[in-house]
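K.L.:
One letter stands for each residue in the lines below.
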Amino acid sequence: MKILIIGGGMAGTILANNLARRLPQELKSGKAHITMLSASDKHMYQPGLLYLAVGRTTPDELYRDQASLLEPSIQFHVDPVEHFELDHRRVITQSGKTFGYDILVIATGSRMYPEGIPGLSEYSETFYTEASALKMFKRLQSFTGGKVVVTVGVPHKCPMAPLEIIFMLHDYFRDRGLSDKVQLHYTYPINRVHSLENVAKWAAPEMDRLGITYDTFFNLKEVDGANQVVRSEEGVDIPYDLLISIPAHKGMEVLEKNKLGQNGWLPTHRTKLTLEGYDNVYVCGDTTNIPISKAGSTAHFEADTLGENIAAIVKMGVPVREYDGKVFCFIEAGKDRATYAMFNYQTPPDPKAPTKAVHWFKMAYNKLYWVSARGLL
Amino acid sequence: MAERKIVDGRGSFCPGPLMELIVALKNSQVGDELEVLSTDKGSANDIPEWVKKVGHAYLSTTESDGVWHILVRKTK
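So the protein lines, in turn, are chains L and F.
Note that our numbering gives residue 161 to position 161 of the first sequence, counting from 1, and the numbers run on in steps of one.
Throughout, our numbering is defined as the position within the second sequence, counted from one, plus 1000.
Some hints here could point you the wrong way.
Under the rule of at most 27 Å between Cα atoms (straight-line distance), these lysine-lysine pairs were calculated in the DSS-like manner [claimed, not checked]:
id, chain 1, residue 1, chain 2, residue 2
1, F, Lys-1005, L, Lys-272
2, L, Lys-221, F, Lys-1076
3, L, Lys-250, F, Lys-1005
4, F, Lys-1052, L, Lys-201
5, L, Lys-201, F, Lys-1074
6, L, Lys-250, F, Lys-1076
7, L, Lys-201, F, Lys-1041
8, F, Lys-1026, L, Lys-250
9, F, Lys-1005, L, Lys-257
10, L, Lys-259, F, Lys-1041
11, F, Lys-1076, F, Lys-1052
12, F, Lys-1005, L, Lys-259
13, F, Lys-1026, L, Lys-221
14, F, Lys-1053, F, Lys-1076
15, F, Lys-1052, F, Lys-1041
16, F, Lys-1053, L, Lys-221
By construction, these hints were calculated from the structure, which means they are not laboratory data.
On a predicted model such as this, the values are computed, not experimentally measured, just so you know.
Kindly produce the complete structure, drawing on both the sequences and the hints.
P.N.:
What follows is the structure, given as structure tokens:
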């Protein structure tokens, strides 16, 4: 059975290794084959970009060679897919090669799309790529006072990023002795400071305590860079001296071009993780259109489910479990305290007060991730 | 030509049904009607409030078997 995984990010890598560990005999005997196609020979730990933006890590810490993370039984090619021919069970890559499959997994991730808001690319700082995070840090270093405004587009990768960056900015400026010269102002699209009600109930008083002001029901419409003002769909104008954005995201362009899903989000069954209309095509990680967080943990738990199911299909012909919507997110509440939120389709999260212990666990996980990517944790 | 779309936010705590609606409205045409499905009771209050604030048309809310159906029309 040929298993083809498109994408070498968190979802694709964890799944490929999970499968390789479940199918050693089948891979050795030739009963099963696992092939991964990726756009890069490098693997980035994307959650680390948050720390890069405030000078708490360096770029080299965020990368490993993709091949070094994969089990030797996985065939790995740096050759991104250009054409999906799902009815013929094959894909065609940038180099012109054709790869057939029995089971296909699409895990191509997502990308920020600041171009959707006039002025956002030109006038805001962000941290969703290495280059943008470094640029943001350099801008922070030269900032000596004024109003810092954070805007949030939807959907975006990492649901906790807006809160984490505002709290980390607070500690960053405090450590530079600029607390009395910098006003931090947070905005959020709905009528509270975070989509998770229990997280918002914790975060709003925390912002009040730290002197962080906020506007809710603020959906960014445009950035007037000449006048340094952001305008919302709701008709509110906010002046800024430094604009930090969490841009809206899209799925990958190749999926849009192949007409697989609007804005690159693929219509996905919420428990089976199959692509609508195809029993042998699965979607994993940010690429799904499931209405849950676009987060590394979502990708991880979906990959765990698919690892069990695809291995069971190889061995028994049927899947064995359903994805329950599980998500686990750390929430950095500054430079040295953190909490977390865990939830699924049925159970809302109940975050506790931030502690140093959870922060240090998050710091440890930033290193342990490389074990996780190898399918060991 | 105006369409009727389903925005399935059932089981979504994060980003949640209102966030799903905001995204869906961006990808819709003026005149389209969007029916939000939500298992979160709070959305039955939050969505009409936001829709009125932004200036779209809030049409109705009904509840059936623990699922709220909130109907909205894009007006601008």
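K.L.:
Looking back at the hints listed earlier, which ones does the structure fail to meet?
P.N.:
5 and 10
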